[in-house]
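J.: Each chain, letter by letter, is given below.
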Amino acid sequence: MHKLFMLLIALTTLGVSNAAPPEFTPVTPRPLVFPEDFGSHEVFRIEWWYVTGWLETSDQQPLGFQVTFFRSATSHDEDNPSRFAPKRLIVGHAALSDPKVSKLLHAEKSAREGFGLAYAKAGDTDVKLDDWYFVRQADGRYRTYTEGEDFTLELTLTPSQPLMLQDLEGFSRKGPKPEQASYYYSEPHLQVSGTVTREGKNLPVKGSAWLDHEWSSELLHENAVGWDWASANLDDGSALMVFQIRGKDGQKVWAHAGLRDASGNMTIFSPDEISFHPIRTWRSPHTDAEYPVEMRIKIKDVEWVLTPLMDDQELDSRQSTNAVYWEGAVTFTRDGQPAGRGYLELTGYFRALSL
Amino acid sequence: MNRNLLFRWLTLGEWQAHRLQIVVSIIAIMLGIAMGFSIHLINTAAVSEFSAAVKSLSGQSDFQVRATQPTFDEMLYPKLAQHAGVAQASPILEIQAAIPGKADEIRNTTLKILGIDMLRAITVTPDLLGVPAEDRPFDMLMEDAIFLSPAAMEWLEVKEGDALPLRLGTKTVTLRVAGGLVRAHAGQRIAVMDIGAAQWHFDHVGVLSRIDLKLKQGISHEGFKAALERELPNHYLVIETADQEKRIHNMSRAYRINLNVLALVALFTGTFLVFSAQVLSTLRRRPQFALLRVLGLTRKQILWQILRESSLLGIVGSLLGLGFGYVLAATALRVFSGDLGGGFFPEIQPSVQFDPMAALLFFALGVGVTLLGSLMPAWEAARAHPAPALKSGSEEIALAGLRKPWPAYSCLVLAAILTQLPPVAELPVFGYFSVALLMIGGILWMPSLASLFFAWLFNVFNRLSSGALAGLALARLANAPQQAAIALSGVLASFSLMVAMAIMVASFRISIEDWLTHILPADVYVRTEVRQDAVGFSPQEQQMIANAAGIERIDFIHSLQITLDPARPTVTLIARPIDLADPGNTLPMTDDVLASAELPSDAIPIWVSEAMVDLYDYQVGKRVTLPLSDEPQDYIVAGVWRDYGRQFGAIQIQLSDYQTITGELRVNEAALWLQPDMTPTRFITLMKALPFGETLTFWQPNEIRAISLKIFDRSFAVTYLLELIAVGVGLLGVAASFSAQALRRIKEFGMLRHIGVTRGQIYRMLALEGGLLAGFGIGIGFLLGSCISLILIFIVNPQSFHWTMQLHLPWQWLISMALAMLIAAALTALLAGRQAVSGNVVRAVKEDW
Amino acid sequence: MKNTATLELRGISKTYGNGRQVLSDLSYTLAAGEYVAIMGDSGVGKSTLLNLIAGLDAPDTGEIWVDGIALSANDDDAATRLRRRHFGFIFQAFHVLPHLTLLQNVSLPLLLNHLPLDRAETMLTAVGLKGREQDFPRQLSGGELQRVAIARALVHRPRLILADEPTGNLDPDTAQEILQLMRSEIKANGAAGIIVTHSQAAAATADRILLLTKAGLQPLEGGSNA
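Chains as they are written, first to last, in the working numbering: chain A, 1 to 355; chain B, 1 to 849; chain C, 1 to 226.
One should not assume that every hint holds.
No more than 27 Å apart at the CA atoms, straight line, and that leaves these computed lysine-lysine pairs for DSS-like [said to hold, decoys possible]: (1) A:300 to B:171; (2) A:109 to B:171; (3) C:130 to C:214; (4) A:298 to B:159; (5) A:109 to B:622; (6) B:216 to A:201; (7) A:201 to A:103; (8) B:55 to A:121; (9) B:404 to A:201; (10) B:214 to B:171; (11) B:710 to A:103.
The set of hints was computed from the structure by calculation and includes no laboratory data.
On a predicted model such as this, the values are computed, not experimentally measured, just so you know.
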């Protein structure tokens with residue numbers, strides 16, 4: 001459920017007049033097949049691998065991190081024989097939330113696929129963007145490397161639970177219409193170990209993370225302006241994912257939640273069982289956008305409260321991909337009791353994602 | 001206060017009485033400074049604009065990797081992108097595309113298109129990104145989108161959303177103008193599009209023109225460059241972006257320096273006029289200064305008086321010159337663009353920038369030169385014995401020093417020696433010194449030469465005739481030769497410069513005409529719209545052209561730019577069928593040729609232009625390597641040919657050899673000889689019916705000749721202008737010195753009138769004097785000018801442009817200019833004298849001075 | 001060695017570069033207010049003598065004292081300053097600056113000596129050119145030009161007037177007028193005067209007439225004291 005959706009809307013809705021517009025496969029319910037579905041799906045317009053999580057340095061300081069790789073098809077003419085033809089783009093985002101800095105550190109990178117410099121391979125997870133990568137090894141562990149001006153993340157993610165197929169066994173609806181859907185699975189409770197480099201110093205870190213892998217060709221309702229999404233690795237071993245899609249009037253267009261307990265029992269919730277209630281908003285000094293950084297989410301009869309690790313976890317990439325959103329580490333309480341840690345994503349609060 | 005009052009009285013009195021001479025002096029200084037300053041401004045504007053434009057094209061890159069040929073395999077890109085030390089590699093494909101219907105026979109009408117990967121370029125050349133419409137953010141990646149600089153939009157008369165047809169080879173592509181650029185240099189015509197789209201649309205799939213590299217922080221540039229050069233095959237060039245300046249500088253250096261020298265020539269002529277005006281005016285006032293000395297002005301006061309007067313002239317003249325020069329530069333840039341028609345700076349439109357430092361320099365130069373011009377006579381006037389100086393007729397004594405000819409001889413001898421020296425930093429520095437010394441020596445020689453000549457003429461005349469007036473005129477010239485010489489030297493300076501320029505330009509023009517006839521033997525030439533088209537004609541298309549009716553013979557030609565030295569501009573490589581037995585049948589060879597029997601079998605023969613010998617030491621018989629193939633291959637310089645088209649060098653090679661070595665079967669030009677029953681016009685109509693007929697451009701030799709000569713004349717327009725100014729300045733000098741002398745001779749005329757000489761006779765005498773003097777000046781000027789032209793033709797041109805030419809004298813033009821100058825000088829003398837003769841002659845006799 | 005004489009020549013000799021000796025061991029003393037005429041044959045050295053007195057040329061031997069100050073032949077600036085202050089000149093060829101008005105011409109010595117300029121007008125009136133101050137020399141006759149020269153020579157109250165054939169370019173009537181004016185103005189201004197001339201009539205206007213010969217300066221018999 002991520003920001004590039006919005007950019008994709010731009011691509012698809014522009015009446016591009018090229019000779020051979022690329023055609024994409026619609027998302028229809030089908031069982032996911034592994035390891036093939038770990039890999040890239042070129043026939044779909046958009047795809048991403050999205051890791052969020054909490055880290056702890058050796059001196060018990062908490063850090064939030066996010067590593068994302070997108071693969072996105074453009075509407076460039078399919079007939080162009082050039083190796084440079086920008087038919088697919090690879091985009092990477094990495095961010096680090098350090099309460100001591102109290103401002104999100106982030107890095108981003110984009111390139112057209114090709115020349116072995118940037119790719120998202122089919123068959124198993126293997127994404128590369130210059131020296132950034134996100135790879136799934138034969139033993140199921142992921143390795144990733146990203147670097148920016150302020151930090152470097154070099155992490156290994158080790159699965160501790162089975163895959164979490166979202167919604168209808170991995171067929172995830174995003175709106176009232178059947179074509180508004182994606183294929184979507186998560187890997188919660190990934191054990192993280194690795195190194196964070198800050199100011200030339202290598203800090204060994206440990207923690208837990210959440211991976212989303214999602215792909216689609218068409219997603220959102222035409223009325224949608226943004227969404228609120230959250231996921232949590234709960235202390236009792238269960239995993240929660242919840243989102244709502246907001247319309248122009250600020251009201252919920254669609255919503256979904258899935259909760260899997262430690263023993264693997266999956267419960268999913270329908271849109272009318274879910275409601276989001278802002279508790280506190282934070283106005284960004286960078287963009288003047290106002291985000292509900294503290295949120296109360298009601299799922300059926302359980303009340304979850306999300307509290308941010310720090311307020312300023314806004315990601316401002318107006319210089320490149322033109323997306324401005326809030327993506328931050330949060331702690332969860334369930335009915336007032338500490339329940340776990342996760343990530344909250346708030347999009348569409350800055351000029352309706354500048355569309 | 002008293003001292004200033006005295007200065008004011010003396011200065012104002014003098015100036016009010018001699019307004020014309022003052023105005024002439026000011027104009028002379030003004031013209032000299034204006035020419036120098038305007039050419040400096042034009043050069044600076046053009047070069048800084050050009051280098052700024054080139055710099056903006058390379059953005060913030062640290063290095064550019066190019067190949068010796070225009071394009072190279074794109075697989076170098078991933079290697080460089082992953083190279084240690086490289087932070088970003090930005091691949092670029094440069095295309096020169098034609099605009100259908102925009103053809104112009106002289107100006108460059110291609111559009112430079114940069115195919116870029118926006119996601120890579122964003123950190124290297126951020127200015128070069130297209131700015132898409134707000135609702136189409138991804139147009140930078142679209143295959144049908146092109147982004148134009150404002151100047152390009154204006155030139156092509158298109159706006160965002162319009163369709164823009166572009167042509168390369170025989171193919172026409174229509175792209176959509178999707179927006180402007182983030183930042184383009186004012187006046188710079190460029191277009192930007194996606195690199196993948198550019199490769200596809202312009203048939204350049206698989207190749208790049210350059211890769212811009214940005215290094216990671218802390219990487220040593222020298223170390224990186226050395227390492228990369230070691231790793232890459234040697235047909236790749238690793239160019240530090242900072243070095244580009246040098247290359248740009250080299251490209252136009254000879255041209256700019258020659259213009260600067262012309263400006264200096266104008267300044268020199270102006271200086272000379274100022275000098276002679278000051279000498280004459282000081283001489284005229286010699287008795288006045290003597291009187292002031294008697295009345296009690298010290299030497300220093302006299303010296304100051306003269307220097308202050310002349311510095312005032314210098315200041316006024318220089319200020320006017322700066323203003324006029326600025327206007328001149330602005331006008332020239334607008335009318336002729338930055339290269340003054342020379343074609344060195346395409347794609348930019350420089351505007352003149354006022355440069356305070358240069359203005360100050362030229363101002364100081366103007367004032368300094370004026371002061372210098374009056375220093376010598378001022379010194380003499382201050383040192384003179386007042387008692388004898390009070391008496392008129394003492395001026396010749398003052399000038400006696402000029403009669404010594406040895407400084408003139410030493411100048412001339414030194415000039416002759418300097419002609420033998422080689423160029424300095426590829427510039428004919430000594431050649432120019434030699435020209436300057438010739439001028440100075442010639443002028444210094446004038447007094448003694450004039451004395452000898454007129455004395456001889458007087459003697460001859462006395463023996464042959466008894467015409468009283470002519471005798472008077474000659475007697476005066478023979479007996480007051482120093483003053484005559486000073487009046488003369490203005491004529492001498494301007495006429496000799498004019499002769500030198502005329503001979504050089506004529507020789508050059510005739511040599512070019514001959515050369516064009518030689519290099520254009522065919523009846524019709526055909527090519528695509530872009531010169532040295534990177535795509536050109538495919539073998540099938542060549543077949544279709546060759547199959548056309550009425551062709552007796554067809555030569556296909558492939559030409560391209562290759563780089564042999566990254567610090568120098570590119571060299572043109574021309575592959576065409578060459579008559580091995582006698583290359584002179586194909587090329588305008590010099591005598592420097594290897595006989596075909598002497599050619600070794602293991603080396604491919606090439607024929608090089610004269611510039612290659614000078615710049616790269618490609619001597620005949622020398623084995624060289626050329627970056628045409630991956631496998632090493634020896635080439636041998638088989639001959640040297642004359643090339644007036646490419647001063648940076650050109651190499652000819654057999655087309656078959658070229659095709660074997662490179663595997664490149666495309667060509668970009670064809671020379672066609674027609675059967676006797678086929679006319680070029682009919683043939684062109686036939687060719688236009690080919691499937692790609694409308695993309696063809698046809699040239700007939702006479703058209704090319706006409707166009708080439710038009711370009712030639714245009715680039716020499718500045719020379720003509722300078723010549724005219726030199727002549728004008730020379731005539732001003734004649735007018736100034738004659739009117740000065742005529743005023744001083746009022747008494748003489750009065751006496752003549754008293755003894756019964758009519759006014760008409762005095763006029764005739766004056767005209768005769770003026771004519772004789774000018775005639776002598778013109779004669780010597782002709783000799784001097786011819787010598788200078790020899791230096792220009794045989795030393796300056798080969799050393800700065802690396803081509804030789806044959807000497808041709810434009811007799812008709814020279815004679816008519818000489819006559820015009822003679823008549824103008826006689827008339828000037830007459831007019832200047834009229835004023836004096838028409839005054840009160842009785843009074844004139846009474847006055848002593 | 002103080003001396004009240006306006007001019008004292010002590011053993012002056014002068015030989016030109018070509019070996020021609022013009023003056024040899026010439027001595028003479030001119031008292032203040034004395035007005036003498038010097039006559040002699042052409043080439044005997046009259047003009048040379050005037051140039052030496054004026055400091056425009058240096059004697060080979062001997063000394064020249066002007067108003068108690070020794071003329072230094074080697075210091076041109078000092079000689080110039082002396083000339084500027086103590087001498088007035090009247091030439092045969094008038095020698096006025098053509099581009100200055102009459103008033104400006106007459107004012108020149110005042111300017112050079114940093115004196116008030118108002119005396120120039122007085123002098124022009126005295127020589128009979130009142131009302132013509134702004135005229136230029138070209139508008140004047142020869143006699144009028146010489147009047148201007150007289151005014152200029154006396155305007156700064158010099159001690160000694162040197163006149164070299166002042167009437168050589170004038171017709172006899174005008175010449176007589178000018179000579180009288182010169183004499184009366186020199187006397188009126190209390191200056192001494194030396195007039196060098198060929199003309200008996202001109203010489204006759206002086207207090208004494210001296211004859212310059214190779215032997216030196218000698219009073220001419222029959223000199224008038226008009």
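J.: Check whether the Cα positions of residue 214 of chain B and residue 171 of chain B lie no farther apart than 27 Å.
T.: 35 Å, violated
J.: With a cut-off of 27 Å on the C-alpha distance, tell me whether residue 300 of chain A and residue 171 of chain B pass.
T.: The given pair, whose Cα atoms are some 66 Å apart, is violated under the 27 Å limit.
J.: Could you grab the alpha-carbon distance between residue 710 of chain B and residue 103 of chain A and see if it respects the 27 Å cut-off?
T.: 67 Å, violated
J.: Need the status of pair residue 404 of chain B, residue 201 of chain A: alpha-carbon distance at most 27 Å?
T.: Violated: residue 404 of chain B and residue 201 of chain A sit about 85 Å apart, past 27 Å.
J.: Check whether the Cα positions of residue 109 of chain A and residue 622 of chain B lie no farther apart than 27 Å.
T.: Violated. Residue 109 of chain A to residue 622 of chain B sits at ~52 Å, over the 27 Å cutoff.
J.: Within a Cα-Cα threshold of 27 Å, do residue 109 of chain A and residue 171 of chain B meet the stated pairing?
T.: Not satisfied, since the Cα-Cα distance of roughly 36 Å exceeds 27 Å.
J.: Checking one constraint from the list: CA of residue 130 of chain C to CA of residue 214 of chain C, max 27 Å. Satisfied?
T.: Roughly 45 Å separates the two Cα atoms, so the pair is violated.
J.: Given the hint that residue 201 of chain A pairs with residue 103 of chain A, test it: the Cα-Cα distance must not exceed 27 Å.
T.: 19 Å, holds
J.: Hinted pair, alpha-carbon criterion (27 Å max): residue 298 of chain A, residue 159 of chain B. Please report holds or violated.
T.: 54 Å, violated
J.: Does the structure keep residue 216 of chain B and residue 201 of chain A at a Cα separation of 27 Å or less?
T.: Roughly 19 Å separates the two Cα atoms, so the pair holds.
J.: Does the structure keep residue 55 of chain B and residue 121 of chain A at a Cα separation of 27 Å or less?
T.: 39 Å, violated
Taken one by one, the earlier hints fail for this structure at numbers 1, 2, 3, 4, 5, 8, 9, 10 and 11, listed in ascending order.
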